[in-house]
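Enquirer: Residue strings, one per chain:
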Amino acid sequence: VVVVAALLLGAICVVTTVFTSRSPGMWLDWVPMFAWAWLVTGVMLLVTLPVLIADLLLLYVDHRYGSKLFGGATDLGGYLHWVTAQPQNYLYYLPALGVVADVLPSMAGARQPRRIGLLFALALGGLVGFGAFAQQMFHHGVTDTIVYRTFAIVGVVPPLVVLALAGSSVAGRRMRIASPLVWATIAGLVVLGAGAAGVLTPWPAFDLLGTAYEMGQFNLALLGAALGGLAGVVYWGPRLWGRRLPEAAPILLALGALAGVALITIPDLIAGFIDQPFGSVDFQKESGTALLNVLEVAGFAVLLLVVLGFALLALRAFSRGERCDLDPWDATTLEWAEPVLAEPGVAAVALPAVESPEPLLDRKLDALAGKEA
Amino acid sequence: MLALPPAPAPARPRQKLIATSLVVTGGVALFAGLLGVYLNLRDAAGGTTKAWVPKGVVMSNQAPTLMLVTMVGASVVAQWAVYAAARDIRRDLGAATALLVVFGFAVVNAQAYMWKNMHISIDKQGFAVLVFTITGTFVVALLAGIVFALLEAFRGLGGRASSTRHEGISAMALYWHFLTVAFAAVWFVIYINK
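First to last, the sequence lines map onto chains V and W.
In our numbering, each residue carries its 1-based index in the first sequence increased by 10.
In our numbering, each residue carries its 1-based index in the second sequence increased by 231.
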């Protein structure tokens, strides 16, 4: 309960910041996509995580005093399963989609294509991430309802739209393959995989509920979110610490992460189709899923190595690496305009005036036009 | 690296009011979750008071209804505090917040009376687990409201609230309105509908 309450306080801080502390002139539909994604995620966490607190309180009190209501500790996981299952887990990767929607156009030096489409796609992602209603222990048969199935199908739309729109800003442009671009693209693809996997889950013809397939879908969602976070570190690290990662190693790590995620999730998705139960791992040869489970363990080992490698690389580069230009990506979003935060001890003198959704890009294009003239 | 032109200092953001409205949103979801489980299990038990409430349990309507009236009064008093702060009437602000705290403790007292006299046993009845958890959660939320009222009273009486800056008092009043609505739901579901 305390951890969930802490998460809620964090969500309140983020949402309040986006609502109240924007630069002067920045309308709510002009905020960077990462901030918008966090706004949507924060609001949706605020209306779903309190339901988790309600469940936890009831389970705790029942467990502490006689276990008359919910049968003690035997099926706690069943009561809390909705928090990790779809559609609730669609919510967890929205910030990663925000990273994708910011990084791709920015790295291409392009405007956000169809900005309103991106905003609506992320908002839709929040809406279909409302999973508090899908508590199977209290609402038997909820997975057969039209609402649940609609959410499952629509869940793939936000990652698809974000990747398509953000990708269209990159298409046809000559650009450097920089590490943030690779990390963000991989995170976006993994998230798209989570949304696509979720489409199949509720249909009786596939009989995937309660199988390892659900675990595979959850792992895709969670790992997509984590990769999005690492993409954010690669992209905003120079802004935060004034130093940047070397170029080649993070790209190799990103490809390693993709391999790890594939090894973890694809065997689970396949194992679901051959009826391996959710949460059960069998290494016996005769089980038919032994090889899949071995591959999954190998995937976790690969991912662990990638995370350790990334942590070591980031620690070294951001603490002792060479100082870099304050705008090493020639980026277009607002945070790269403010010149003072990366230097400790120097205070910002004023907030920048915002007169368009991409004021820094406007400024850069003006400067370029001035040079050419 | 390019810099953008500086903007004039922005208007003071209403962070406390917005953060409180988000807390209220979370609070509504919390009570919706608790009462949703209660109604769900009641429905599974047959959906009637007779089938749901264990024998021997006494749940009179008098004390809870009095608590609801007190909560409605607390809402009115909280709004009086906002009115007083918006007009720099410090004496009324002090009186309103003091009355709010008294109302709050009166409701806590009435709830304790209910717990003592309902004749339910938390380690023997699932029904009791639900009632104690839901009403207990409300009491915790109410105690938080009392602390909020006391803090804003001290700030207001210490000169930190004025006709131009009384966002904290407004936020506190908003929270008390939420408490009233939450108790109205608890009152109807648990004490009236049972």
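By construction, these hints were calculated from the structure, which means they are not laboratory data.
This structure is a prediction, so every number in the text was calculated from the model and none was measured.
Heads up, the beta-carbon is just placed ideally off N, CA and C, and yes, glycines get one too.
Just so you know, not all the hints are guaranteed correct.
The calculated label-pair distances, taken between Cβ atoms and stated as ranges, are [claimed, not checked]:
| # | chain 1 | residue 1 | chain 2 | residue 2 | range |
| --- | --- | --- | --- | --- | --- |
| 1 | V | L19 | W | G278 | 33 to 39 Å |
| 2 | V | H73 | W | I320 | 46 to 52 Å |
| 3 | V | T84 | W | V412 | 48 to 54 Å |
| 4 | V | E345 | W | R386 | 46 to 52 Å |
| 5 | W | V300 | V | F283 | 55 to 61 Å |
| 6 | W | V412 | V | S77 | 30 to 36 Å |
| 7 | W | N348 | V | F310 | 55 to 61 Å |
| 8 | V | V13 | W | P236 | 41 to 47 Å |
| 9 | V | L315 | W | L381 | 43 to 49 Å |
Enquirer: Just pull the numbers of the violated hints for me, sorted ascending.
Expert: Structure breaks hints 3, 4, 9.
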